[in-house]
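Visitor: So the sequences go chain by chain: H and Y. Going by this note's numbering, the first residue of the first sequence is number -5, and it counts up by one from there. Going by this note's numbering, the first residue of the second sequence is number 35, and it counts up by one from there.
Bear in mind the hints are in silico, worked out from the structure with no lab data behind them. Everything numeric in this text was worked out from a predicted model, so none of it was measured. For each residue, glycine too, the CB sits at the ideal point set by N, CA and C. Where hints are given, some of them may not hold.
[Stated by the list, open to error] Think about it this way: if two alpha-carbon atoms lie no more than 27 Å apart in a straight line, the pair counts; the simulated DSS-like pairs of lysine-lysine are:
# : chain 1 : residue 1 : chain 2 : residue 2
1 : Y       : 346       : H       : 19
2 : Y       : 157       : H       : 234
3 : Y       : 87        : H       : 72
4 : Y       : 157       : Y       : 44
5 : H       : 234       : Y       : 815
[To be verified] From chain Y, some residues computed to sit far from chain H (all C-beta separations above 12 Å):
#  : residue
6  : 43
7  : 97
8  : 362
9  : 526
10 : 565
11 : 683
12 : 815
13 : 900
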Amino acid sequence: MKPKVCILRADGINCDEETFYAFEKFGGAPEYVHINQLRSKIKRLKNYQILAIPGGFAYGDDVVSGKILATELVSFLKDQIQDFTSRKNLVVGICNGFQVLTRTGLLPFNRLGEMDATLEQNESGRFECRFIKIKIEDSCAIFLKPYVGQIIDISVNHGEGKFFALPKDLSKIEKENLVACRYVDEDGKPTQHYPQNPNGALNAIAGVTDPTGRILGLMPHPEKIIELTQHPNWRRGNVKALGGFLFEGMVKFAQQT
Amino acid sequence: MVHTIRVTKKGDQDSKGQDLLAQIKRTLNIHSITKIRTTKVYRLEGISKTDLKKFTRKVLYEEIDQKVSYNGSITKDANQTIEIAYKPGVMNPEVGSLLKAAGDLGIKLTAADSSWEYGFFGKITRVEAKDLITKLRLYNPLIEHILDQKPKTLLIIGKVGKTQILPIRNMTDVELMNLSRDKLFLNLEEMKVIQNYFKKIKREPTDCEIETLAQTWSEHSGHKTFKAKIMIDGKEKEPFIERLKKEALKHKKNIVSAFVDNAGVMDFYDGWAINGKGETHNSPSAIEPYGGAMTGSGGVFRDIVATGQGAKTVISTDIFCLANWDMNPKKLPKGSLPPRYILSRVVSAVRDYGNRMGIPTNNGSFHFHDDFRAKPTVLVGAYGILPKKYAKKGVVQKGDVVVSIGGRIGRDGIHGATFSSGEMTQRTITTNAQAVQIGNAIEEKRTFDAIIEARDQDCIRAMQDSGGGGLSSAIGEMGAEIGVSVQLKNERLKYQGLNPWEIWLSESQERMVLAIPKNKIKKFVQICKKYNVEISTLGVFDDSKKLKVFYGSEKVCDLEMQFLHKGLPQRVMKAKEVTKSKSKENKSPNIPKTQTEWIKTLQNVLSDGNICSKEPVLRMYDHTVQGTSVLQPYTGESCEGPNDAAVIRPILGKPYGIVVSHGLNPILNRIDPYWGSIWAATEAISNYVAVGGIYQDASLVNNYIWPFPDEESLGSLDRSITAVVDFMKTLKIPVISGKDSLSSTYRSDDNFVLKIPPVLCISAFGKIPDVKKTVSSDFKKTGSTIVQVGKPDMLSMGGSVYFSKNNLLGQSVPRVDLKILPKVLDVINQGISNGQIISCHDVSEGGIITAIFEMCLGGTVGAKINGDKKVRPDYFLFNETAGCFIVEVKSKKQVQKLFKNVPYKIIGETIKKQDLSFENLFSVNIGKLKISWQKPMKEIFK
């Protein structure tokens, strides 16, 4: 059975098509679902195994990135989301989706309606579009286990991506193994150096998971590097398109459970 | 009551404030300020005290890293605080989101606004702080103001004005022209045609009718010059548009629709078609570059979407012609903005609009010349994809319903179409302020999402972008053949108080007008609702052959379509023939004598604005969104080598793709409009072929931005048209879309006149069956053979960057050999497609040495180059003949066979050591050149 993937759409989400394609390519059965269809209950979250919030500028990222959509999700879909996550389904937020999940409180500690971390404006003060490297950490994220240690060339496309949490929360995140991936340098070491760490994220954090390991958010875009030709230097050889880790990992895990 | 919420970061980190402080120290040399703190300000009206706290906590403020204050100062220890807000009536895109979030939380909120506050620490008075903010241009007084007093209300109230009757039947010529000036921009002959029409129908016109005629007959909408009969030195010539069309339609192979719709459409694969368009937005950008460039992007995206029954935009390109950023400020004409400010604001606009839309910006260029100081050229291109069955322009039918969707109407942008058709004067900046507005990308994005779904459900008959000329232009044009009746009271407004003619003419952005078949209207409304898109049902297309507009029961416009669309007399325009080069200068520079002089010269050329790296700009533009890019703007080991064109795969998983490129060189047109235009077209197609494009499957788009058509400028335009026609003949490919803007002349009160360099931008877009058969420009290996392919016109150095660095213009511009060009293009294409050419770069500004440098940088290799004994070494290296290529071939043995039918020359090889050396004249480290090449934009966009 192909797991059903809810690709969430809302005003300003704009990476929905490539996210759809990535899930489809790796064996999922994606479907576009507009948030208004969830609000009006024409469609229901419980009919899916994976919820994906793609990148973009939901509601223009007005106030701060992802805020308005996070407010909407918590106001109208709190019960649906709680029910969805409690039934061991998977949730992923990429870029803007990560910002949304953080602002709903689902990440990092799975406290819907609270906020324990944030994504601040890039230290460069600018939107950044470039390829950098991340390393998959040995974290709670269950569906990433087969890929731990991999170093992946990946695109970042954001202006507000600096992961920030207060010291006590940050050490809790580290202690509980919630860091799913980090920005690394040429040698594969976590880095605070610009542009390898494109936003100045604390502890080079590029993505985090929640304590259940079933909710994941990350700033870089794995869906934009699932085919070799999406790599800027595919013509030079010696490069790989490894962004499939996320979609393959989620689909396989959802199939097993 | 209006509540004020202030939110600022905890702790000291405030990158916006720090940047500002650095700027104050650097540019104003003021050191008494110790810190600047930026604060976001929200104003909320009609909200209860309890809800205020709730709304702030849930939406406006995040405890984790922010501080908040209610109705009071937040930076108490700051010496001065200055708040900058949008002027009342200017749409603030954030407000809609604030109201939405309040609604989602079940909170009653009547009105909202947001703004920024700057807190200054250290010794400074309020007057000084204001002065500083003005000097740094932190706000544009056209749309923003410094708020000295908290507003009492955020609501804009107004009363609808009455429709005026304009008694024109008895006006004298002088009175008619006074009516036209600054508002209608029509000439006396046209004013008299209107006068006679109303004499004939025995009544006076309403303001709405006069405005409708002025808009429909404006240069912007009517393209009067391109449709005019041209008399060149007494000899009659066909209108420009006819000459272009006639040749284009001879090359029909790929055309789906040309010159009829909002964008030109060509065939693609698997039942798909692709479309392309270029638009300028120069006049608004000259007075408010951020809003101007944003609405330019928004407009061209809508042109793509409003093609056939709807397309999806897949690429955006941006081309800017500006004065040098370091130009002497004394040269700046009255009423003009400093070039550095324009540069940074237009870049921000493209970033903020394109990125939010999720449309990759992956091709573009900058052209710097001080004669763009009075009016920049801001040219935005866009390309889309649509099912072929929906690709033909829709024809409205009797009974179809007229709807408008998207943004609401405000007073913004009124007179945009007529204004952009006029010459720029120092009065422009004060008189035409309302021609400027701020874009709202998300409004446009959701509107597009709805259109695609409506198209796929067969709901759309026809569609028009509602931009220049507003409803008047869109509805007037859609109903031209059958007639239409419109009720303006059904239109959604941003605020009350607009006169009927203002609603009709408003150019408020992010709006589309559609004709929906009656039996589809219910479904269409549902789709709009799903996507949060507002809709107004405005009327119905009927069989009246008239344009009838009502405001309630009052009829405000009643014009015969025949007169509106066919009544404009064809212009007869005189032109002077331009045959010879317009430059008489025949000096040549001294050849550099020493290695040091050579390196200095090379560094000068590489750091020229037209040549230097634009990577810092590209990194701010999202160019990988949609996941479609297969040739990114910068590639190579450290992704620093620039490429010639964009290649995308619009349908993920399919092997085929779209190639997009462009070419222009305005300064060449000044010397010789014919060969300058040939250069532009050749450059576009060479960029296209250099990445692996097959030119036979390309279509062209031409954009003219020319000085006001006096006899001389019209003569040079005539030569340029001939060049474009000759180019189509040579390559047997058509121009399928284009646009002209003939108002690039600046005139001040004291009779100072400045004609900007005439711009012809040719864009090329087309299809390629396999994106894997493309190359990037970065050298791939060491020990490869470097070959120059094509026929350079070595002695013609006119208009080159090398000459300009020696303060010379030159007499003759490089001439492309049009007989040889097709063969060269074919050979390059074959070499790339069979894998023998492993990297390729087209030769343009900066000559072959610039091309080779960029290829070395991308490949992190060096190169050893040899010249030609018969040619001056500086000309050999810096000549800019278009249609020539530098290619990398793995082995020397392949070269002869590959290039036997075209002019070529083996000029060197790639080496491991990262040095660029030329004969025994110089050898220089690539890293050293890289510093010069990257420095200018790194400094500006730091």
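Visitor: If a hint holds in the structure, say so; if it doesn't, say that too.
Guide: Hint-by-hint comparison with the structure:
no.	hint	in the structure
1	Y:346 x H:19	holds, 22 Å
2	Y:157 x H:234	violated, 57 Å
3	Y:87 x H:72	holds, 21 Å
4	Y:157 x Y:44	holds, 23 Å
5	H:234 x Y:815	holds, 19 Å
6	43	violated, 8 Å
7	97	violated, 7 Å
8	362	holds, 29 Å
9	526	holds, 17 Å
10	565	violated, 7 Å
11	683	violated, 7 Å
12	815	violated, 10 Å
13	900	holds, 27 Å
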